Amino acid sequence: MKINQRHAWPSTVEEAIPIQQQLAGEVITCDQLGAVQHVAGVDVGFEENGTITRAAVAVLSFPQLELKEYAIANRPTTFPYIPGFLSFREVPTVIDALEKLTLTPDLILCDGQGIAHPRRFGIACHLGVLIDFPTIGVAKSLLIGKHETLPDARGSWKPLIDQSETIGAILRTRTGVKPIYISSGHRISLPTAIDYVMQCTPKYRLPETTRWADKIASKRGKWP
DNA sequence: GCGACAG
DNA sequence: ATCTTGTCGC
Numbered sequence: 004m005k006i007n008q009r010h011a012w013p014s015t016v017e018e019a020i021p022i023q024q025q026l027a028g029e030v031i032t033c034d035q036l037g038a039v040q041h042v043a044g045v046d047v048g049f050e051e052n053g054t055i056t057r058a059a060v061a062v063l064s065f066p067q068l069e070l071k072e073y074a075i076a077n078r079p080t081t082f083p084y085i086p087g088f089l090s091f092r093e094v095p096t097v098i099d100a101l102e103k104l105t106l107t108p109d110l111i112l113c114d115g116q117g118i119a120h121p122r123r124f125g126i127a128c129h130l131g132v133l134i135d136f137p138t139i140g141v142a143k144s145l146l147i148g149k150h151e152t153l154p155d156a157r158g159s160w161k162p163l164i165d166q167s168e169t170i171g172a173i174l175r176t177r178t179g180v181k182p183i184y185i186s187s188g189h190r191i192s193l194p195t196a197i198d199y200v201m202q203c204t205p206k207y208r209l210p211e212t213t214r215w216a217d218k219i220a221s222k223r224g225k226w227p
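Heads up: the first sequence runs through residues 4 to 227, numbered per my numbering.
Worth flagging that the hints you see were computed from the coordinates, not collected in a lab.
For clarity, every value in this text was computed on a predicted model and none was experimentally measured.
Ideal Cβ placement from N, Cα and C applies to all residues, glycine included.
Treat the hints with care, as some may be off.
[What the hints assert, rightly or not] Straight-line alpha carbon distances no greater than 27 Å define the calculated DSS-like cross-link-like pairs of lysine-lysine that follow:
| id | residue 1 | residue 2 |
| --- | --- | --- |
| 1 | LYS103 | LYS149 |
| 2 | LYS181 | LYS161 |
| 3 | LYS218 | LYS143 |
[Claimed, not checked] Simulated restraints on C-beta separations:
| id | residue 1 | residue 2 | range |
| --- | --- | --- | --- |
| 4 | LEU153 | GLU18 | 36 to 42 Å |
| 5 | SER144 | THR105 | 32 to 38 Å |
| 6 | GLY179 | GLU102 | 38 to 44 Å |
| 7 | SER64 | ARG208 | 18 to 24 Å |
Using the sequences and the hints, build the whole thing.
Below, the structure written as structure tokens:
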């Protein structure tokens, strides 16, 4: 897929903050997506002591969830890991990987938060706004927000609240297993995001999309 | 000032 | 994120 560059990538928090504040105003949390036939999952890893960033994208058919295509990209790492600024470290390489795809997915599940972020602009929002695509933030741990006790059953969820605002949800994708955190990235509402995440997570804690991306990015497996 | 802190 | 083996449980 073809992607247009929207802004240069900064290397400091001072430069990153105004970019987040500006682009956060472009985030859409209403459903603006068509029929979903392909869902993509993204995963990022690091090599050479963190100096190289590696991104993998997996495209699956929906709702069958069968792997249809994948792509990998590498880049020198140019931004340190600072909570609240993850996208500046990972998105450039993710975009490189997305550009290599032949298939164009209808929805992308990102590793990390969407609007469940201090400035309502987590990695899923950043990627979504830059490429103007529907994205969902799927995080394995909490960045900000509070929530009530979560029941043990698969499918149960509770809103994530920050400053008396609902910014996402804590969701149990598997009975008795540690929950995950969902939030709108771009062009999708929270209820719809939860619905798609559940449909992409029929068996394990994490969506099949991210599991495939993980597997592909992993140095062990070889994918001809 | 003291914690908390996506990956 | 990454460094790493076996092990407990469904």
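Tested hints:
no.	hint	in the structure
1	LYS103 x LYS149	violated, 38 Å
2	LYS181 x LYS161	holds, 14 Å
3	LYS218 x LYS143	holds, 17 Å
4	LEU153 x GLU18: 36 to 42 Å	holds, 38 Å
5	SER144 x THR105: 32 to 38 Å	holds, 33 Å
6	GLY179 x GLU102: 38 to 44 Å	holds, 40 Å
7	SER64 x ARG208: 18 to 24 Å	holds, 22 Å
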